Each structure stands twice: as structure tokens, then as C-alpha cells.
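In case you want the letters, here they are:
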Amino acid sequence: MVKCNACGGMYEPILSDGMQYFHRCPPLSRVELAAAIDAGKVAYPAGKTAADYQAKAVAAGLPLAAASLLAADDLLLLHSYERTNQRDENIVSAAPNGAATIKAAGAGVTQQAPAPPPVIKVG
Amino acid sequence: MVDTGKVTLPSDDSYGHKLAAMFASSMYMHIDENLRITSYNALANVRLEVRYRFIDCEGTLIPSMEAQAPNTDRSAKSSLLLTPNGWLLGGEVFVSGAAPALGQTFVVVEIVRGVGSNAVSLQVIGAGYVSAKQPLQFPSQTILNSLDTAGTLRSITGTQPGAGAEINETVPTGARWELVAFRDSIVTNATAGNRTSVLFFDDGVNRWSSFPAMAVIAPSTNSAIEWAVGSTAIATINGQNAPGLIPVGLRLPAGARIRSTTANLAAGDQWGAPQYLVREWLEGS
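Top to bottom, those sequences are chains Z and R. For the first sequence, the numbering used here assigns the number 442 to the initial residue and increments by one for each residue that follows. For the second sequence, the numbering used here assigns the number 1193 to the initial residue and increments by one for each residue that follows.
Keep in mind that the hints were calculated from the coordinates and are not lab data. Quantities reported herein were computed from a predicted structural model and do not represent experimental measurements. Among these hints, one or two may not hold up.
Derived pair list, reagent style EDC-like, types lysine to aspartate or glutamate, alpha-carbon separation capped at 20 Å [claimed, not checked]:
#, chain 1, residue 1, chain 2, residue 2
1, Z, 497, Z, 515
2, R, 1325, R, 1284
3, Z, 544, R, 1284
4, Z, 444, R, 1225
5, Z, 544, R, 1394
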């Protein structure tokens, strides 16, 4: 089991059927995008401000902190947001016998303890 | 008189060429022509065995055995088998060293002119999936395309996303998938608002279709969500299952993604590792 240092995803590089697994980081979820908005890494939708979304949150009975989540919901209707350090283990097509390389090593992975077995025998 | 099975002919090369011309055959191979085996494989520890018989212009029967260790990432691996001047009688390719299902190891056998990476392909004489039990014969009248078969069924455990992240599974380079069933579980925290999950597909960038789960997921619950071909849109069972539909025969090319998007997903919500069933074909890369 390994953990992707970019997205936090956990996976087995070799599956139980003996075949390789090729991880690719997901685009940012609404939660992650909202955090990016709060951190100033992503701008509010064109023509909108934080105050607009705070007013929208209050009108919906949500806390002010939900403003960036509402903005993220709107942004995700328009774009997909990928991580700059994303990992994509799928290989680049090469000529026969050419060295296979992965598309993006990203932030790398960290080895984890093996996942517990899906079947436990008792008795 | 003892029949040795060997016909002795004059060793004069021009005579051999005349003989080859007299007995014109698509399996006659000039000294500059060779066999090339190209494999596309997705399983570890597969070893290809290539066995064939050749008769040269001296009338000598030459049985040969070669082997190749294919790549395991669906990329092409080629091996050149040097042959003398004469006739290819026939041969076979089969698997040893592992037990791929039919659909995991595809082989192309060709006659090429020259050697090395610059060898020019002249004629495909065999192509198809191979296993330990089902060899590929050559020359063959039936040249299979890797997409011609029923494919192989695979049950895959995907990536468990980080907390607050969504599901993202990618069709590997060199593969084509047909999604049959998809299951995941989600543990929601106490953040207010029902979650509504949608399974959708994109080409790596652009979304092309979406399939919502048929039930919402409440805060502070642990729910399993299943999407399947031909699934019946029933209500939740004990509040735990939220079945969804996916279309029949949904083919996904390499690079396409199976993703989720969840309305009201909270930072503390946690998807599990998805388990899904696909039918896979090799396209090679």
C-alpha cells in the first residue's frame, strides 16, 4: 500500500489479480477548491466577490465560512482544477521496446503498511 | 532404403532460389527475412514460448524454440527471430510462467525484412490472445484484432481518496474498458446537509455523461453506493444502499476517467476504496 503525497489517496500498486494499478490524482473536490480559494490560490468567479458569497451563505442559513464552498460549487460548473504537483502513473506511449515512463511523478508516494486482508478466516 | 525425411538438394544458392521460385509460397522466406513477435501484456511474470519448424533450401528440417518476457504495462515488446533461407512450416505461441486469462496477453506474429528496430513489416501471419491453454498458431487464416473478443473481466480495487476528496479512476494507457458495476462507501461527518453523489465519466478533461445515485446520504452515516448495468432503481435498504444506473456497453478509452462529484461533500467526509468490475481489452501502447 502506498499513499500519494499530492492527493492523499491510498492504493495498492499491484492488484490482487497480479496486474499493475496506475494512480492518477483526482481534480480538486469542492472542499479542496474552497480551501484553495480561502488560501488565495484561486479567484472567485468573474464579477463575484467574497462578500457576494457571504451574503448568499447567510441567505441560505449557512455559516459565513461556507461562502468559499458556494463559490467552489460555481467554479466547478465551469472548470476542472488539477493539482500542480499531481501524480499520474499512466505510461506515455513509446515505440516498441522503448523505456516506459509515467506521465507525472508529482509529489511522489510514501510507503504504507499493507492493507488488511478483505477476507478473514475464523476457526 | 531408409527414409530420413531429408531431401538432399544441391547447395548452390542460385539453385535454392530457383527452387523457391518453383514452389512459390507465402511462407517462403529470403535470408533477409525474419519473424517478429510483438506482445502486449498486462499481467506480471508472463513468459511467451515461441516454437516453430522451418525447412531450409538444403531440405533440412529445423525446429526452433524461442522465448520472450513481455512488458507488464500493456506496452509493445518485440523480438526478432532470425531465420535461414527456406520455408516456414508453422508454429505456435503460448504462455508459460503465469496464467493470464484470455484477454490479458495479445501477440502479433509477422514476417519482416531486415533486423533491429528498422525491420520492415511485410506480412502478418498470426494475431490473437494467448494463454497457457490456448496457443496462437501461425500461419493462421484468422488474424484477430485485440478488440474482436469478449474481453476479460477484472475486479479492481481503486484508490481510497484523501478526506474530502472525490473518486477518480483512470483507464490505463493501452486498455479499453467497459464498466459493468461500481461500488464504494462513504462515511459522512456531522456537517449539515444531505450529500448527493453522482458518478460521471470524462475523457481526461471533458465530462460526457453523469449518473446520480438514487438516494441522498445523510450526515453522520456510513453508506454504500452501487452503480451497475441493469440495476433496478430501488429505494435504500436500511438506509445503507443507494443504487444507481450506468448504461449498457459503456466503453471507455485509455485516459478516460470514472469520477464522483458529491453535492455538500464536507471536509471530513471519507470515501472508501472503490471496487469495480470492468471488461478489459488490450489496445496496446
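Okay, the hints, checked on the actual structure:
Simply put, residue 497 of chain Z and residue 515 of chain Z have alpha-carbon atoms about 12 Å apart, close enough for the 20 Å limit, and the pair holds. Distance restraint check for residue 1325 of chain R and residue 1284 of chain R: the Cα-Cα separation of roughly 12 Å lies within the 20 Å cut-off, and the hinted pair is therefore satisfied. Our distance criterion of 20 Å between C-alpha atoms is broken by residue 544 of chain Z and residue 1284 of chain R, whose separation comes to about 36 Å. Between residue 444 of chain Z and residue 1225 of chain R, the direct Cα distance comes to roughly 50 Å. Violation of the 20 Å bound is thereby established for this hinted pair.
At roughly 18 Å between alpha-carbon atoms, residue 544 of chain Z and residue 1394 of chain R fall within 20 Å of each other, so this suggested pair holds.
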